[in-house]
Amino acid sequence: MLTSLIKRHLLIYLRDRWAIFFSFLSVLIILGLFILFLRNTFDLSAPDVDYMVYAWILSGVLMVSTVTVPLGFLGTMVVDLETKRLNDFYVSPIPRKTIVFSYLIAAIIIGTVFSMVNFIIGQLFLLLRVNQTIPLIDMIYVFFMVILSTALFSSLFFYAVSYLKTSNSHSTLSTLVGTLIGFLTGLYVPIGVLNTATRTVLSLLPTLHSVSAFRQIYMRDALETVFAGAPAETQVHQEFILGITLRIHETNLSLNVILLLVIAWTVLFSILSIVRIGKFKRVS
Amino acid sequence: MNAIQVKNLHKSYGDKAAVKGIHFSVKKNAFFALLGPNGAGKSTTIEILSTLLEKNQGDIAINGYTLGQDDAAIRQTLGVVFQYSVLDPSLTVLENLKLRAAFYHLNGEALEERLAFLDQLIHFSPFQDQRFQTLSGGQKRKADIARALLHNPEILILDEPTTGLDPKSRKEIWQLILQLKSISKMTVFLTTHYMEEVLDADHVIILHEGRIRAEDSAERLRIKYANDTLKIVPKNDLESQLKQANIPYQKHNTTLHLPIETSFQGIDLVQQFKDQIETFEIVKANMDDVFLNITGERLEAE
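Residue numbers (my numbering), protein chains in the order written: chain A, 1 to 284; chain B, 1001 to 1302.
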């Protein structure tokens, strides 16, 4: 029953081309802004700097898609509630928890698959522009990071969306997130040039934790290449400016600690979601 | 055993009471109709019976299962056709049906057989590969009914199944429901605000403002609550003679309407006043009159 429900949700989302387009709108806007303006803020003429900058923007939009795709997909759940289509599931002998759970699982599946497509396109782009991809081992790490980040934002938005009653409110939430995500991840304005107060606030949010982990994995090879032979301070400074390192109280957190933070967020929102699922008793 | 047994059912939304302590039972295999205008509490009652909405008070048993305790078993025995379509617009009819069949662990050959059987009855195969959103109102309704019958339910609940359809589709869907009733042992529980649909039911409840106002077969309700009418076009001064004889009547333009208990009473009256009568007819009471006499309001159809 769970698998048929998940299949149904995926099929409905995949047949809604506009929903898919809007799920990727933020990614497209960030890429567009990058091509038009942001690219010019980097000096791409120095050797291998283009590899690093492309890896930076590609890891950023990859993380953004793990946020916006699950959120876009969860619109299906709101529409099902709004149009009373959920009632058809509720009069069937399926446990309510299974019904509600199916949306969460489907969000993770669709978010992971679409983000991996995004990742593959990014690698093809790298291959075209700088004649290389990131190393295979890092690709595998990125894959796990995609699953982890998608699980985090699927559970976060599942929890948030479960309070919404109309597709209008879902659109508003999507617009809000789509607008803010470029700032929250330091893609529009690099984290290192923000004032301390703003930076501290952003450093407390799961968005920066996730994107920082993505960057450290995705850009590992590029950073090693670019900063080979450069003074350590230069690399530390650049990594700080680009929001690769996550700095809290003047200390850089290690990748392991950041991953633990991401896992902790995922666990937190999964628990909140499960509690919420328990409360989905009778709706009408 | 009764298919549905409802005792002292109460339901309020905030401080607005929708259902105010109703009792009724529906026999197995019955064709049961719940009649009432919008806001009478019909949909609330249906949503409670189909396990969607929690009641405030009352005991309900469906096929011997207690509502609120054995909901999973109840859902297995119920087929529900909602007033609004609940199938997925972007999926084809067949995709919709196969997906829902999985909820009842119906698949493989058993599913194919069931679909073939339902198609013989409902004839959905001409449009089964079309997306649900492209169907006409009548076709959508057929698909909804096929969905409700997938698991061969013992009780079929239909919430205003013909509301919003064009007259031709309405007739077609109604014929389908009657046919379903005649070939199966299903209990059919229907809500409607169309009087002519009630006439086919063997058990009718009239619900008004959350309360049951009358309950019986359609024919008995008609006899009990509405008079036949003798309509007369008078020749001479019939009115004064009627007044003299103390016979009640109402004047509608040039016609006089006399309430009568039976057709024979009408014939007697015609005999008595035949010199003053140009022409006459005896009109049987209908369910609209029943509703008007019971509730003091006209039942408005759309």
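Each hint should be verified, as a subset may be incorrect.
[To be verified] List of simulated lysine-lysine pairs, BS3-like, C-alpha gap at most 27 Å: (1) B:K1181 to A:K97; (2) A:K279 to B:K1016; (3) B:K1016 to B:K1168; (4) B:K1168 to A:K165; (5) A:K165 to B:K1055; (6) B:K1055 to A:K84; (7) A:K7 to B:K1098.
Hints in this document: simulated from the structure, not taken from any laboratory.
No experiment lies behind these values; they were computed from the predicted model shown.
Here is how each hint holds up against the structure:
Restraint check: the Cα-Cα separation between K1181 (chain B) and K97 (chain A) comes to about 35 Å, which exceeds 27 Å; the hinted pair is violated. A distance of roughly 24 Å separates the Cα atoms of K279 (chain A) and K1016 (chain B); the hinted pair therefore holds under the 27 Å criterion. For a cut-off of 27 Å, the pair hint linking K1016 (chain B) to K1168 (chain B) is broken: about 38 Å separates their Cα positions. Our distance criterion of 27 Å between C-alpha atoms is broken by K1168 (chain B) and K165 (chain A), whose separation comes to about 36 Å.
A threshold of 27 Å between alpha carbons decides the hint, and for K165 (chain A) with K1055 (chain B) the separation of about 22 Å falls inside it, so the pair holds. Distance hint between K1055 (chain B) and K84 (chain A) is fulfilled; the C-alpha atoms sit about 19 Å from each other, no more than 27 Å. About 12 Å separates the Cα atoms of K7 (chain A) and K1098 (chain B), which keeps this hinted pair within 27 Å; it holds.
Hint check: violations occur at hints 1, 3 and 4; the rest are consistent with the structure.
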